[in-house]
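With chain D held as given, fit chains W and L onto it using these hints.
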Amino acid sequence: MNFVARFMRSPEGVIGAVVLIGLVLVALAAPLLFPRDPLAIVGQPMLEPFADWALPLGTDRLGRNVLAELVHGARASLLVGIAAALAAMAIGASVGTIAGFAGGFVDEALMRVVDAFQTVPGFLLALAFVSVIGASMPIVVLAIALGAWTGPARLARAEVLSIRERDYVDWARVIGMHPLEIAFREILPNALPPVLALSAVIVAGAILTEAALSFLGLGDPNIVTWGSMIAEGRAVLRSAPFLSIVPGIALVVTVLGVYLFGEGLAEALSRRRVRS
Amino acid sequence: MSDVVLKVDGLGKAFARNGKRVAAVSDASFSVGAGETLGIVGPSGSGKSTLSRLVLRLIEPDAGSVRFDGGDLLTLRGAALRSVRQRIQMVFQDPLAAFNPRAEVAEVISDPLRIHRLVARVDRPAAVAHLLDRVGLPGVLAERAIHEISGGQRQRVAIARALASQPKLIVLDEAVSALDVSVRAHILRLLVDLQAETGVSYMFVSHDIAVVKAIAHRVAIMDQGRIVETGPTGQVIAAPQSPTGKALVAAVPRLLQAQD
Amino acid sequence: MSALVNISNLGVTFRDGPRRVAALSDVNLTIEAGERLGIIGESGSGKSTLALALTGLLPASAEVSGRIDWADGQPILGRDIGMVFQDPSSSLDPVMSIGEQVAEGAVAHLGLSWGAAKERARDLLAQVKLPDPDGLLRAFPHQLSGGQRQRVAIAAAMAAGPRVLIADEATSALDTIVQAEVVSLLDGLVKQQGITLIFITHDIALASQLADRIAVFRHAQLVEVGTARQVVTQPREAYTAALLGAHLDLGTPPLIGVAP
Numbered sequence: 001m002n003f004v005a006r007f008m009r010s011p012e013g014v015i016g017a018v019v020l021i022g023l024v025l026v027a028l029a030a031p032l033l034f035p036r037d038p039l040a041i042v043g044q045p046m047l048e049p050f051a052d053w054a055l056p057l058g059t060d061r062l063g064r065n066v067l068a069e070l071v072h073g074a075r076a077s078l079l080v081g082i083a084a085a086l087a088a089m090a091i092g093a094s095v096g097t098i099a100g101f102a103g104g105f106v107d108e109a110l111m112r113v114v115d116a117f118q119t120v121p122g123f124l125l126a127l128a129f130v131s132v133i134g135a136s137m138p139i140v141v142l143a144i145a146l147g148a149w150t151g152p153a154r155l156a157r158a159e160v161l162s163i164r165e166r167d168y169v170d171w172a173r174v175i176g177m178h179p180l181e182i183a184f185r186e187i188l189p190n191a192l193p194p195v196l197a198l199s200a201v202i203v204a205g206a207i208l209t210e211a212a213l214s215f216l217g218l219g220d221p222n223i224v225t226w227g228s229m230i231a232e233g234r235a236v237l238r239s240a241p242f243l244s245i246v247p248g249i250a251l252v253v254t255v256l257g258v259y260l261f262g263e264g265l266a267e268a269l270s271r272r273r274v275r276s
Numbered sequence: 001m002s003d004v005v006l007k008v009d010g011l012g013k014a015f016a017r018n019g020k021r022v023a024a025v026s027d028a029s030f031s032v033g034a035g036e037t038l039g040i041v042g043p044s045g046s047g048k049s050t051l052s053r054l055v056l057r058l059i060e061p062d063a064g065s066v067r068f069d070g071g072d073l074l075t076l077r078g079a080a081l082r083s084v085r086q087r088i089q090m091v092f093q094d095p096l097a098a099f100n101p102r103a104e105v106a107e108v109i110s111d112p113l114r115i116h117r118l119v120a121r122v123d124r125p126a127a128v129a130h131l132l133d134r135v136g137l138p139g140v141l142a143e144r145a146i147h148e149i150s151g152g153q154r155q156r157v158a159i160a161r162a163l164a165s166q167p168k169l170i171v172l173d174e175a176v177s178a179l180d181v182s183v184r185a186h187i188l189r190l191l192v193d194l195q196a197e198t199g200v201s202y203m204f205v206s207h208d209i210a211v212v213k214a215i216a217h218r219v220a221i222m223d224q225g226r227i228v229e230t231g232p233t234g235q236v237i238a239a240p241q242s243p244t245g246k247a248l249v250a251a252v253p254r255l256l257q258a259q260d
Numbered sequence: 001m002s003a004l005v006n007i008s009n010l011g012v013t014f015r016d017g018p019r020r021v022a023a024l025s026d027v028n029l030t031i032e033a034g035e036r037l038g039i040i041g042e043s044g045s046g047k048s049t050l051a052l053a054l055t056g057l058l059p060a061s062a063e064v065s066g067r068i069d070w071a072d073g074q075p076i077l078g079r080d081i082g083m084v085f086q087d088p089s090s091s092l093d094p095v096m097s098i099g100e101q102v103a104e105g106a107v108a109h110l111g112l113s114w115g116a117a118k119e120r121a122r123d124l125l126a127q128v129k130l131p132d133p134d135g136l137l138r139a140f141p142h143q144l145s146g147g148q149r150q151r152v153a154i155a156a157a158m159a160a161g162p163r164v165l166i167a168d169e170a171t172s173a174l175d176t177i178v179q180a181e182v183v184s185l186l187d188g189l190v191k192q193q194g195i196t197l198i199f200i201t202h203d204i205a206l207a208s209q210l211a212d213r214i215a216v217f218r219h220a221q222l223v224e225v226g227t228a229r230q231v232v233t234q235p236r237e238a239y240t241a242a243l244l245g246a247h248l249d250l251g252t253p254p255l256i257g258v259a260p
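Residue numbers (UniProt numbering), protein chains in the order written: chain D, 1 to 276; chain W, 1 to 260; chain L, 1 to 260.
It is possible that part of the hints are untrue.
[Claimed, not checked] Restraint-style ranges between C-beta atoms, simulated for each label pair: (1) L/ALA238 <-> W/ASP3: 37 to 47 Å; (2) D/PRO31 <-> W/GLU143: 44 to 54 Å; (3) L/LYS129 <-> W/ASP62: 34 to 44 Å; (4) L/PRO18 <-> D/VAL236: 50 to 60 Å; (5) L/GLY245 <-> W/ASP3: 31 to 41 Å.
These are computed hints drawn from the structure, not numbers from a lab.
The model shown is predicted, which means the values in this text are computed figures rather than measured ones.
From the three backbone atoms N, C-alpha and C, an ideal C-beta is built for every residue, glycine too.
So that you can see chain D by itself, here it is in the shape it has in the complex:
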């Protein structure tokens, strides 16, 4: 049975995949659906949702189209979330793998760095990083990745340590395989699946961290994000709660979708491990 078929057997995974595919399509289609700048003023301010079908979700304090902002915000949220997670996994898997292979002093040194990063809350780290260097998309991505790479690093190291002891790694040594080939051909591919299963949790965390940074006004000011929308709405929370609730719901649905997808991914990966 192939990987897709195994994935399809988990209902959580399928629901998550449907939600995520929908979101990605919306994000990709944003410039087609709303070709105008989402930050442009299109109507009277603080229009309630469903009052005008041209502006189905109403307008914000400045009279901007909430639906257009939401759709463009999906781009930012998904992009930042996925980019930050990819960066975190790449850094983490490399550091963890090197630590696990090398052992001894290299391992000790690298793992103390991991410890140091883990003692500081990831959000605080991102906050400090962005406020010092300044808010732009790549910096926000890097800032979030800096707080999230330690999990993959620990997991990759633990996997490598256990795989290093397997018979097939011994046999690779016995046939005279070069240590680097053993590391990258025999060990790494088998150490990756559990690290990949962690990706969903990291993407979801990254999306939330990005929203929190934007909420605090530390996001990229030229981009609409759901966090900045919630922050905008906060000032008029009593008179127009929908301005905070709508992007809030979008955030919940996205994070839930990512988690469910990750759940399905982990299950499909573990099924293969049991089989092999």
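Only chains W and L this time, still in chain D's reference frame:
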């Protein structure tokens, strides 16, 4: 006896356990001649597996010397060690654990050919087919994944991989213990035939002296890290001298006979 | 002897992806109360599935047809049936003391207090010939050797005084010396207490030493059943004869010629 392929002297290895150092192998000395099979038999925990890992340089000994094919095996490092590995191979107990779960048959058999630059890339498929044929497997198996073939086939593929670099010595660590009896009989026959063809030597490690009797010219009995008895197989089994030897011989299950 | 259980037309299938695979098909077998029945087969023969079917441990995904009729009503696992598996390190709880694990069955099924059950556990540990039963009550599985752990597993299986003991490859992870000891222990226990023993193994010689009757399984089917003597000395089926032919013991002529 003809040429000596492996000569082990005073080999020792201790592991730290609960803060104490426990000897897994102590003062082991033996030799294996060209084209000869030496059986290493002992109860579990007797150190026979550690001994085979020491000979293969998978772990480093604390004491003693290992001479292989005329050279000192223990002083070799890096590329020199990897190059000697062409001539000393092994077969594991569990043929599933012995292979990378992602591997394919052709890949694992051609690995030694590629690493030691024995066969050019274009000629490797033919070499793999030839090796499969020698271990009694059809050539079409080359394209299969390791997890798709049966346990008996896997152990044949393992033997093909071990043979690929034309080694002088193969260490077989409980290589038939996990197999069904009918498969075991075929694999033992295959090993004997391959030895007759190529003159390869075997160091055959097992807990079952009946299996060792079928295949080994000489036997060394281990207990608690030490070799307690050695001699020609038939002689040791007919009249074991050590208590361990006697216990191993007495413990072999015997088929109920008509006259029992 | 009276029948303990009547198995008629028993079939068990498991799901493997879209297909259903038969693990047992059309098995008819009567097990007598107080007998020692050896169940023989290679991997995939269905011998372990039979044990699971008898104990009601089949997974929910298994489809069962046919009947299993117990003379005295469906027995309860742990109370009426004791079970010993191949790997004692996975069947014993690593964080529970030996005393608790052995006493557990007596508390659950005999209604003993923990104090009385611990007394019984100590007696059982002495019965399975473990040294220092008092000290062992407080020990943990990792402190014991494989053979000792298997004795603990046997003591735990016996705790509630079962009528039937099922040993599923209970000695195949042990070396031959420990295997012989555990087999003689099982033999003594079931004889002394009149327990029905179902001894599942791939080793026909081992079964022939211990069992009154032997049932041979292959490819999910019962090939033949008869007294141990008849099956071993006058097999009716070619497959049984092949199994016997593949068996190795110290009487088997070696595969190799004289030393080179």
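**Prompt:** Among the hints numbered above, which are violated by the structure, and what are their numbers in rising order?
**Reply:** none
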